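Visitor: We have chain A; now place chain B onto it with these hints.
Sequences listed follow chains A and B, in order.
With the first letter of the first sequence counted as 1, position 300 gets the number 300 in our numbering; the numbers rise by one all the way through.
Here our numbering runs 687 ahead of the position in the second sequence, where the first position is 1.
Calculated from the structure, these hints are not laboratory results.
Small disclaimer: the values here were computed from a predicted structure and weren't measured.
Heads up, a few of these hints could be off.
[Unchecked claim] With the Cβ distance kept under 8 Å, some of the chain A side facing chain B (calculated, not the full set):
| id | residue |
| --- | --- |
| 1 | Thr-572 |
| 2 | Tyr-574 |
| 3 | Ala-581 |
| 4 | Phe-583 |
| 5 | Ala-587 |
| 6 | Asn-590 |
| 7 | Pro-592 |
| 8 | Gln-593 |
For each residue, glycine too, the CB sits at the ideal point set by N, CA and C.
Number of protein chains: 2
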Amino acid sequence: MKTLTIALILVISPLSPCADEGMWTFDNPPLKQWKERYGFEPPPGWLDHVRLASVRLNGGGSGSFVSPDGLVMTNQHVGRSQVQKLSTPQRDLIKHGFYAASREDELPCPDLEVNVLVSYEDVSQRVHGAVQPGASDKDANAQRKAEMAAIEKESAEKTGLRSEVVTLYSGGEYWLYRFKKYTDVRLVFVPEEQIAYFGGDYDNFTYPRYCLDITFFRVYEGGRAARTDHYFKWSQNGPSEGELVVISGYPGSTNRLMTLAQLKYHRDVGNPLQMQVWTSRHDALVRFAALGTEQARRASAARLSLSNSIKRLVGQQAGLMNPRILGKKEEEEKALRSEVERRPELKRDFGSAWDQIAAAYATLPDKAPRIAFSDLAPSRLGSIALNLVRYVEEIRKPNERRYEEFRDSKLDSFKFGLLSPAPIYKDLEEAVLTAWLEQGSKILGLQDPFVRAALEGKSPAETAKWAVGGTKLTDVAARKALLEGGAEAVARSDDPMIVLARRVDPIMRELRAWREENIQSIEIGAGEKLAKARFAVYGKTIYSDATSSLRLGYGTVSSYEEGTTLVPFRTTFYGLYDRAASFGEKAPFNLPQRYKDKQADFDLATPLNFVYTADTIGGNSGSPVINRAAEIVGINFDSNLQKLPNRYLYIEESEGSRAIAIHSAAIIEVLKKIYGAAKLVSELTEQ
Amino acid sequence: MKTLTIALILVISPLSPCADEGMWTFDNPPLKQWKERYGFEPPPGWLDHVRLASVRLNGGGSGSFVSPDGLVMTNQHVGRSQVQKLSTPQRDLIKHGFYAASREDELPCPDLEVNVLVSYEDVSQRVHGAVQPGASDKDANAQRKAEMAAIEKESAEKTGLRSEVVTLYSGGEYWLYRFKKYTDVRLVFVPEEQIAYFGGDYDNFTYPRYCLDITFFRVYEGGRAARTDHYFKWSQNGPSEGELVVISGYPGSTNRLMTLAQLKYHRDVGNPLQMQVWTSRHDALVRFAALGTEQARRASAARLSLSNSIKRLVGQQAGLMNPRILGKKEEEEKALRSEVERRPELKRDFGSAWDQIAAAYATLPDKAPRIAFSDLAPSRLGSIALNLVRYVEEIRKPNERRYEEFRDSKLDSFKFGLLSPAPIYKDLEEAVLTAWLEQGSKILGLQDPFVRAALEGKSPAETAKWAVGGTKLTDVAARKALLEGGAEAVARSDDPMIVLARRVDPIMRELRAWREENIQSIEIGAGEKLAKARFAVYGKTIYSDATSSLRLGYGTVSSYEEGTTLVPFRTTFYGLYDRAASFGEKAPFNLPQRYKDKQADFDLATPLNFVYTADTIGGNSGSPVINRAAEIVGINFDSNLQKLPNRYLYIEESEGSRAIAIHSAAIIEVLKKIYGAAKLVSELTEQ
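Next up, chain A with everything else stripped away, as it sits in the complex:
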């Protein structure tokens, strides 16, 4: 085959590859790569400006300020749950879209938080120093956690800012990040989902692509649009082929520093189990949605989110199953390990780390199904009840000994979510909880402690009917009363969902404790060793795995080869109409009516989506894609299939791995020509 492959390459001119790897923290930006590869040296203040114009949305997603008046741009699929919560059967904003022509019309979101990273500092020494010499893994873990909680609390008290200690390089470094937080956030514009998510599940994670996956919110302070001095200006031209672009956002999670033992666990146990959990939840929602239009509307947000997760997991797992990809990981590990072996000092301090992790992970497969299925979280009411039961217990402990999510630094956000006025649909809740308990019983067996505690001999359907049917937790006031009533109120509550949560909580605590002691504390201890070994061998030329903290990526806008042909770096509106017409407007390839009515009014050659080589992952959704002048040329919303295994390993651009963005010109063209949103266009472009 070698001869043949070479021959083909001779016939078809190859694209030159270049590796734009990395999700870089702002304290360690890829300045060297930018300069060497692109001759780009950002002017003073450029990085701070980019950081302060970038935002995180709660629930996991990125966005950016795009006007001095608090206008935030993100993806429709990031803002979707807010849009759904603002919808009613009579006013379905997901289906019909929304545009507030004036400030007064902007719709306050029930529970959306927008965060801006205003400062960061290295607290590694303090956290590492908190571990007493000779401490066991378990104790060391507790000592680190206590120190992190203390740092956060001090910072919050001193600055009034949301303060988080983030773990980087698997514990090699710890940084204190401080955020300015906006909680009065209002919906300004969202298009019909049909166009935001054109092609549905089918086209998700594919390219060429034709989606207008955008939403605009506005942050308010003191009842007025917030003044946001740092915002991105707009490039109406968008990017040219081959142009350098930078992306700033909050990639969720990568596992590139994992050891082989961890990767093999994911491949053989973790991912298949996760797939079981998600497909079981997804199937329940599909069955519920099939009952009618309103049921479909109610189930849609969760269903789409799960489909997305499932499709992504399939791509990631395909990477782990690929011997070539795992082979690269083997090489990487072998190289570092033999270098550590070679240097006596490194060997003494770090040499045991791989085997420690392997030994810990060997104990996980037995427990993993229990950990996965012992939960009520698939039901929103179940989750609320569990949170209440846990909260009143945890809050009695000193700050540094609590579960992380109940640390003082996180309580505001916790309460903001818990007391959200967003609607909860009991029919949907009952269906979901029934299916979940049925699946749990099937997988774990009726003698399993969680199953016995949850069901107490009843059927899943009876249990769900009783718990959902009788609960008052749909009412924000009822939640508030329990929250304020504390341990006593929760203990004597006869709300059946609370009763159910009280029954299962001890079992879940036990599993969590087991996991923290036997897996996480070892993982963190050994992870820190591995990080230090890496620093010692390679220097700080590497980036940390993604951990939902702010990162910079970069790359070029570029076409790629697939199946012997070229995939263009951008698509146009012509392609949108082609795909709709090719499928005879069959869903999910149908167009919103106004796109059909107004087709003649706008320029179909306008670019719609484009691809670029930056290293991104889930969580980067909604990230601004900017040029050297820090102007918006696009907004990131997806990756193609080729890229999915990049959870575990950077996939070379020459393999066709690409991030996908909406082109800045497309946004202006539709806002103007399809939605008559002239005022919004002025706000974006006339700054």
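Guide: Chain B in isolation, oriented as in the chain A frame:
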């Protein structure tokens, strides 16, 4: 991975597979499958009508009559060499297209033949019976060939029709096919190559696709448009998704009945060698084309044809390298072989066939490079000279002992080609011949008999300069003089190309004789045994490998899955404009000027190309795609990549294997709106 795959299928609704396998001769049409699977029972006369409206073009391609006045439709890439021969530097029809608004404007083609299969009869008994009991493989082969030549000659003398004995089922059957032949063929319409071959090499063998790969010719008899009673009417709607379509045409060659020994030879020796031959020829043309616009024009036909062959071979070889595909072939062979072993009679008569073939093929690798490179054919002048040298020698032998191509039944077509007035470019010829002799010397070495005879100690460049520079064979009269002067004229000719051909001819004859004796005669003898064994075990439920004889295929027009998304069953003109705009009109993704000027005049939602599941292969280019009413719904022009390994094995539709056609509505829309060819549209649609 299994769990994950299943999960994905649950999320994305699967398409139901159904096997539309087979290239069926008209004596053995797939009536059973049509009835059972599609409820289609063609009315009396339907099959004859389809056969008589289908045509073969010399040079290897299919077409159909589409009006009662001799109008023939085929692909631009099938008619391309004629269009190029009709072009001059001043009037480049390849680049600018052509439309004859009236009959007088139609351009007579230099050497195009159109053939219609008017009758066929089984002559298996006569051919099989001609082999004397106990004859050696070599003698048996000669006896069969002699009988075939005799049958053809008798038929031609009796009917005046072109008569060919075709070998089916690797010699299991022999059929006499009689053709009505048209040699006055004129060009009516051809579009710009930019649109016929939009996307160039890149998009070749891919889908979605946006090509208008059509040409119209007209056959004349006695100086007037021929009356063609059997022609296909036009369906302006084209096909619906899921509709049954039938394709009638001349698929060139498949190797599905090959034994494993033969397949492995192709994989390990034959295909890599073929690739070497083609890429060396292709590279020489690319170098020549780089010299200038006119050089590029002169080289383009051969260059495109070679790129196409190379890309197809890569796909076919990928199939042979695929363990799953070769595994299926192993299973097939094992099943037939063990059934033959089990039945004593079959074992006695046929059991040795596999080993005979394996033994013969074991001797081939040593000789294969000599056979591949001992030739002058890459040069058109070299080919003419060799043909003259051979002709005068062969014509002196009795009909049944000549090389096949010089049998009486083929002489008319031979002379038609030899005396073609099509232009020959000496600069191109010299470049091609030099490169070819250089490559041959490199591969075979300077001591090789062919190389020594060709070069006689000179360099390839000197030899080519001398032979091409001094030859008069560009002149049709010079060829005619040698043809008519016979052996004596050729023997005493001092035309250097003839001298060169005389030097190498003995070596080529020797190699040909070796191959006929040691490979082909065994292959045919053993192939006949295998065919008989197959008939004995499976009955005549199978179809013969393609051998450039008329076949029926069928399938449904249908979308397919690729990379987790759906590929639509059709594309539209929107998609053409999308791809052009996406690439910024960069060649080969640029549009002819008139498509830009007239975009507003026509309906971009008009379907352009579509895919369907019929079993086709090279040679089917230009085949009519018809519905149950025998109306044209499209014209076949390509296959997608997934389908290419089908040279060796039918690739299931569920794997995304599809044939690609131009939609009938697209043809009408552009003829009307872009080319102002109202008269041609009337001829097609108002019958």
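Visitor: Each hint should be assessed against the structure and marked as holding or not.
Guide: Going through the hints against the structure:
Restraint check, A/Thr-572 versus chain B: the minimum CB separation of about 4 Å is within 8 Å; hint holds. Because the smallest distance between the Cβ of A/Tyr-574 and any Cβ of chain B comes to about 4 Å, under 8 Å, the interface hint for this residue holds. The beta carbon of A/Ala-581 comes within 4 Å of a beta carbon in chain B, closer than 8 Å, and the hint placing it at the interface holds. Among the interface hints, the one on A/Phe-583 holds; its C-beta lies about 5 Å from the nearest C-beta in chain B, closer than the 8 Å criterion.
Among the interface hints, the one on A/Ala-587 is violated; its C-beta lies about 12 Å from the nearest C-beta in chain B, farther than the 8 Å criterion. Against a cut-off of 8 Å between C-beta atoms, the interface hint on A/Asn-590 is violated, since the closest Cβ of chain B lies about 13 Å away. Using the Cβ-Cβ criterion of 8 Å, the hint placing A/Pro-592 at the interface with chain B is not satisfied: the shortest such distance is roughly 17 Å. About 16 Å separates the beta-carbon of A/Gln-593 from the nearest beta-carbon of chain B, more than 8 Å, and the hint is not met.
Checked against the numbered hints listed earlier, the structure breaks hints 5, 6, 7, 8; every other hint is satisfied.
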